[in-house]
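J.: Line order of the protein sequences matches chains B and V.
With numbering that gives the first Met the number 0, the residue at position 41 of the first sequence is 40, and numbering never jumps.
With numbering that gives the first Met the number 0, the residue at position 13 of the second sequence is 12, and numbering never jumps.
Incorrect hints may appear among the rest.
One copy or two, either will do: identical chains are not told apart, so a pair holds if it fits within one copy or between any two.
Cross-link-like lysine to aspartate or glutamate pairs, in silico, DMTMM-like; alpha carbons within 25 Å at most [unchecked claim]:
#1 Lys239 / Asp220
#2 Lys239 / Asp196
#3 Lys104 / Asp220
#4 Lys239 / Asp202
#5 Lys239 / Asp208
#6 Lys106 / Glu59
#7 Lys155 / Asp41
#8 Lys216 / Asp48
#9 Lys106 / Asp220
#10 Lys216 / Glu68
#11 Lys104 / Glu68
#12 Lys216 / Asp41
#13 Lys216 / Glu72
#14 Lys216 / Glu74
#15 Lys155 / Asp196
#16 Lys106 / Asp208
#17 Lys106 / Glu54
#18 Lys106 / Asp148
#19 Lys239 / Glu72
Note that these hints are calculated values from the structure, not bench results.
Owing to the predicted nature of the structure, the values given are computational and were not obtained by experimental measurement.
Number of protein chains: 2
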Amino acid sequence: MSAGAIEASRRLRIAEIFGPTIQGEGALIGEPTVFVRAGGCDYRCVWCDSLHAVESAYRESWVPMETAEVWGEVERLSGSVPLTVSLSGGNPAIQNFGPLIAMGKAKGYRFACETQGSIAQGWFAALDLLVLSPKPPSSGERVDWEGFDACLAAAKDARAVLKIVVFDDTDYAWAQGVAARYPDLTLYLQPGNAQVDPDVAVDLQALSDRLLWLVEKVTQDRWFRPRVLPQLHVFLWGNKRGV
Amino acid sequence: MSAGAIEASRRLRIAEIFGPTIQGEGALIGEPTVFVRAGGCDYRCVWCDSLHAVESAYRESWVPMETAEVWGEVERLSGSVPLTVSLSGGNPAIQNFGPLIAMGKAKGYRFACETQGSIAQGWFAALDLLVLSPKPPSSGERVDWEGFDACLAAAKDARAVLKIVVFDDTDYAWAQGVAARYPDLTLYLQPGNAQVDPDVAVDLQALSDRLLWLVEKVTQDRWFRPRVLPQLHVFLWGNKRGV
């Protein structure tokens, strides 16, 4: 490997860094957070709401940054006041966020990471929270459960939770199966968001209706394990980026 | 005390029992829950959203029920499948829910209770979660901090959290003071809901705007401790009762 390649490998491809805002979904809903959105993904979900961090066509906009630069931006945005940093994407697990986590934890920051669970990384164990979000059938992707189990194993003592997006009855039945496979993980269900165009105003009533649909599914089935939560950020900001 | 008085004291005054639905706010947001709403309150917050469980004018509608009857209704609603039972009100702490909690825990149910923290009860220690919601200045009430500390002490090993409703800048500054007083408690902030008429449709955009206001307050102040959450049930059902 050439010196140039080694140097490049220390860089992170970052689609955006933004906040502080609140975490809009899942286990940390409502938690003040700075988001570090990694560029690049090994999946291509048909309903992806973050294509600007996934599609290679956007690759030019993924700024290669040194870990120290990324950290500097997190500190600037948070005014050096410790808070939760969420590593999202794309799939952040295709890159090495270990050094960033070490840098931030030394200053009292906490780290969460959300990934589909396709690629395991040693640095998962350094997280405060690993959100594993296996993609349901409606995504068009297929979960590799061996890879998923490797992610869980890599988390070691880090808290891991399951978050599943549900678009339809097929996804819902699939979520029940996944839940049964992992009886010890806290489970979050989230209605799918089919309105992902940042330039189209979000229909709040439609958002409310989709959440209601999912609440009625679990309560009618007396499936009391999952916590059912919306995407608050869509409620607040529609599909605008950087909030 | 006459035999009749003793018998009466074993009864609970219940405004409503409903669910399963999801918990709409605070630490258990999204959690499938059956609500047992106690009738009667030692406070009268000017913006109370549950007057039907507070005002003496509604007293006739608070059904005196034996603990076993209350428990029977929880089991019926949940199909005997264990879930979280939330004791709310009114102020549930003016009554004795200890026997109900014991009955439910024996069957694997979990119990949360939300109270303003004015009256301590030994049964707080048997809860899975005690939500202490001290009322801010806009309520027109004044917190007795000795009573509040007695509630915290009564919780013993039960998890206790703080939830504060914020209507305006005065409430917000007050919440910061309360937070400083209890540095070890997880803190939830919730924008106040001024639209409490069950017969008037809720303005979803106004709900979104009030949450946004509070999110912007904490992020601009770099106050990263509180989790900021809406009342999801208002988003879903407006101010309709029994959901």
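J.: For each hint, tell me whether it holds in the structure or not.
T.: These are the hints, each one checked on the structure:
Taking the shortest Cα distances, Lys239 and Asp220 sit within 25 Å of each other only across copies (23 Å), while inside one copy they are farther apart (35 Å). When the C-alpha separation of Lys239 and Asp196 is checked against a cutoff of 25 Å, the pair qualifies only within one copy, where the shortest distance is 9 Å, while the shortest distance between copies is 32 Å. For the homomeric pair Lys104 and Asp220, the shortest alpha-carbon distance between copies (22 Å) is at most 25 Å, but the shortest distance inside one copy (42 Å) is not. Taking CA atoms no more than 25 Å apart as the test, Lys239 paired with Asp202 passes in both settings, with 14 Å inside one copy and 21 Å between copies.
Proximity of Lys239 to Asp208 under the C-alpha cut-off of 25 Å is found in both arrangements, the shortest distances being 21 Å within a copy and 15 Å between copies. For the homomeric pair Lys106 and Glu59, neither the shortest alpha-carbon distance inside one copy (32 Å) nor that between copies (58 Å) is at most 25 Å. In this assembly of identical chains, the alpha carbons of Lys155 and Asp41 lie at most 25 Å apart only when taken from the same copy (23 Å versus 48 Å across copies). In this assembly of identical chains, Lys216 and Asp48 lie within 25 Å of each other by CA distance solely inside one copy; the values are 24 Å within and 27 Å between copies.
In this assembly of identical chains, Lys106 and Asp220 lie within 25 Å of each other by CA distance solely across copies; the values are 19 Å between and 46 Å within a copy. Neither within a single protomer nor between protomers do Lys216 and Glu68 lie at most 25 Å apart by alpha-carbon distance, with minima of 45 Å and 28 Å respectively. In this assembly of identical chains, the alpha carbons of Lys104 and Glu68 lie at most 25 Å apart only when taken from the same copy (16 Å versus 52 Å across copies). In the homo-oligomer, the alpha carbons of Lys216 and Asp41 never lie at most 25 Å apart, since the shortest distance is 31 Å inside one protomer and 37 Å across protomers.
In this assembly of identical chains, Lys216 and Glu72 lie within 25 Å of each other by CA distance solely across copies; the values are 21 Å between and 42 Å within a copy. Within a single copy, Lys216 and Glu74 get their C-alpha atoms only as close as 42 Å, which misses the 25 Å cut-off; across copies the closest is 19 Å, which meets it. Proximity of Lys155 and Asp196 under a CA criterion of 25 Å is satisfied in neither setting, with 38 Å inside one chain copy and 49 Å between copies. For the homomeric pair Lys106 and Asp208, neither the shortest alpha-carbon distance inside one copy (42 Å) nor that between copies (33 Å) is at most 25 Å.
In the homo-oligomer, the alpha carbons of Lys106 and Glu54 never lie at most 25 Å apart, since the shortest distance is 34 Å inside one protomer and 50 Å across protomers. Taking the shortest alpha-carbon separations for Lys106 and Asp148, neither the intra-copy value of 31 Å nor the inter-copy value of 33 Å comes in at or below 25 Å. For the homomeric pair Lys239 and Glu72, the shortest alpha-carbon distance inside one copy (21 Å) is at most 25 Å, but the shortest distance between copies (45 Å) is not.
Taken one by one, the earlier hints fail for this structure at numbers 6, 10, 12, 15, 16, 17, 18, listed in ascending order.
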